[in-house]
Amino acid sequence: MPTLPVPRQTTNFKKKLDFGHYASHKNRVQIVKPAVDTKPPVAHTHHILKLSKLQCEQKKINKIEYENKQLCQKIANAHRGPAQVDCWNEYFSKSLNRETRNRELVRITVENQGILKRLGDRKPHYDRRASELDWQNSRRYIRNTTKYIVSQE
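Be aware that the sequence shown starts at 12, since it is given in the numbering used here, and climbs by one per residue.
Simulated from the structure, these hints should not be mistaken for lab results.
A hint or two may mislead.
25 Å max Cα-Cα, derived DSS-like pairs, lysine-lysine [claimed, not checked]: (1) Lys37 x Lys26; (2) Lys37 x Lys27; (3) Lys85 x Lys71; (4) Lys64 x Lys74; (5) Lys37 x Lys25; (6) Lys71 x Lys61; (7) Lys74 x Lys85; (8) Lys70 x Lys85; (9) Lys74 x Lys61; (10) Lys70 x Lys80.
Computed Cβ-Cβ distance ranges for the label pairs, DEER-style [said to hold, decoys possible]: (11) Lys70 x His90: 28 to 38 Å; (12) Asn73 x Asn113: 48 to 58 Å; (13) Trp146 x Ser106: 50 to 60 Å; (14) Lys70 x Glu101: 26 to 36 Å; (15) Glu101 x Leu130: 41 to 51 Å; (16) Lys74 x Lys128: 55 to 65 Å; (17) Glu101 x Lys80: 26 to 36 Å.
Owing to the predicted nature of the structure, the values given are computational and were not obtained by experimental measurement.
Backbone N, C-alpha and C fix where the C-beta goes; we use that ideal spot for every residue, glycine too.
Working from the sequences, and respecting the hints, build out all of it.
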């Protein structure tokens with residue numbers, strides 16, 4: 012493929028063009044404004060001043076004040092009036108089926124102890140030594156067939 016001839020420029024003309032491009036680039040660099048926003052984020056009042064939290068705190072304070080007022084009134088009444096007994100013994104009604112529940116509890120306890128004794132008397136179904144030998148054989152087979160070293164667990 013034939014190459015096209017490149018037009019020749021004089022060196023002075025080329026310097027003027029280069030200087031013009033440089034001057035326009037320098038002008039654009041001086042005019043440019045930063046693209047990164049360096050201002051602090053906008054502070055929203057509902058993030059700082061939580062009204063629902065303040066309302067809950069006010070409710071708690073009101074409740075505490077009300078209870079304190081009630082206690083003060085009770086103390087004032089106790090000092091003002093005659094002595095009264097305020098710790099009466101309360102007798103609870105006895106259950107009519109207490110004996111039945113106790114007998115049922117004893118029966119269940121005896122059954123549970125019998126089950127526990129039968130479980131303790133049972134012999135295991137597998138031979139521990141045979142299982143241990145089988146595990147050692149499988150570890151040896153793995154060690155013999157693997158390329159990398161197996162940990163000694």
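Verification of the hints:
Using a Cα cut-off of 25 Å, the hinted pair Lys37 and Lys26 holds, with the two alpha carbons roughly 16 Å apart. Using a Cα cut-off of 25 Å, the hinted pair Lys37 and Lys27 holds, with the two alpha carbons roughly 15 Å apart. A threshold of 25 Å between alpha carbons decides the hint, and for Lys85 with Lys71 the separation of about 21 Å falls inside it, so the pair holds. Straight-line distance between C-alpha atoms of Lys64 and Lys74 comes to about 15 Å, which keeps the hinted pair within the 25 Å bound.
The hinted pair formed by Lys37 and Lys25 meets the criterion: a straight-line CA distance of about 18 Å does not exceed 25 Å. At most 25 Å may separate the alpha-carbon atoms for a hinted pair to count; Lys71 and Lys61 meet this at roughly 16 Å. At roughly 17 Å between alpha-carbon atoms, Lys74 and Lys85 fall within 25 Å of each other, so this suggested pair holds. Under the criterion of a C-alpha separation no larger than 25 Å, the hint pairing Lys70 with Lys85 is consistent with the structure, at around 23 Å.
With a C-alpha separation of about 20 Å, the suggested pairing of Lys74 with Lys61 holds against the 25 Å cut-off. A threshold of 25 Å between alpha carbons decides the hint, and for Lys70 with Lys80 the separation of about 15 Å falls inside it, so the pair holds. In this structure the supplied range 28 to 38 Å holds for Lys70 paired with His90, their Cβ-Cβ distance being about 31 Å. For Asn73 and Asn113, the Cβ-Cβ distance of about 50 Å falls inside the hinted range of 48 to 58 Å, so the restraint holds.
For Trp146 paired with Ser106, a C-beta distance near 58 Å keeps the hint of 50 to 60 Å intact. Separated by about 34 Å at the C-beta atoms, Lys70 and Glu101 satisfy the suggested range of 26 to 36 Å. Between Glu101 and Leu130 the C-beta distance comes to about 46 Å, which sits within the given range of 41 to 51 Å. Here the CB-CB span from Lys74 to Lys128 is close to 58 Å, well matched to the stated 55 to 65 Å.
About 28 Å separates the C-beta atoms of Glu101 and Lys80, a value consistent with the hinted range of 26 to 36 Å.
No hint from the list above goes unmet by this structure.
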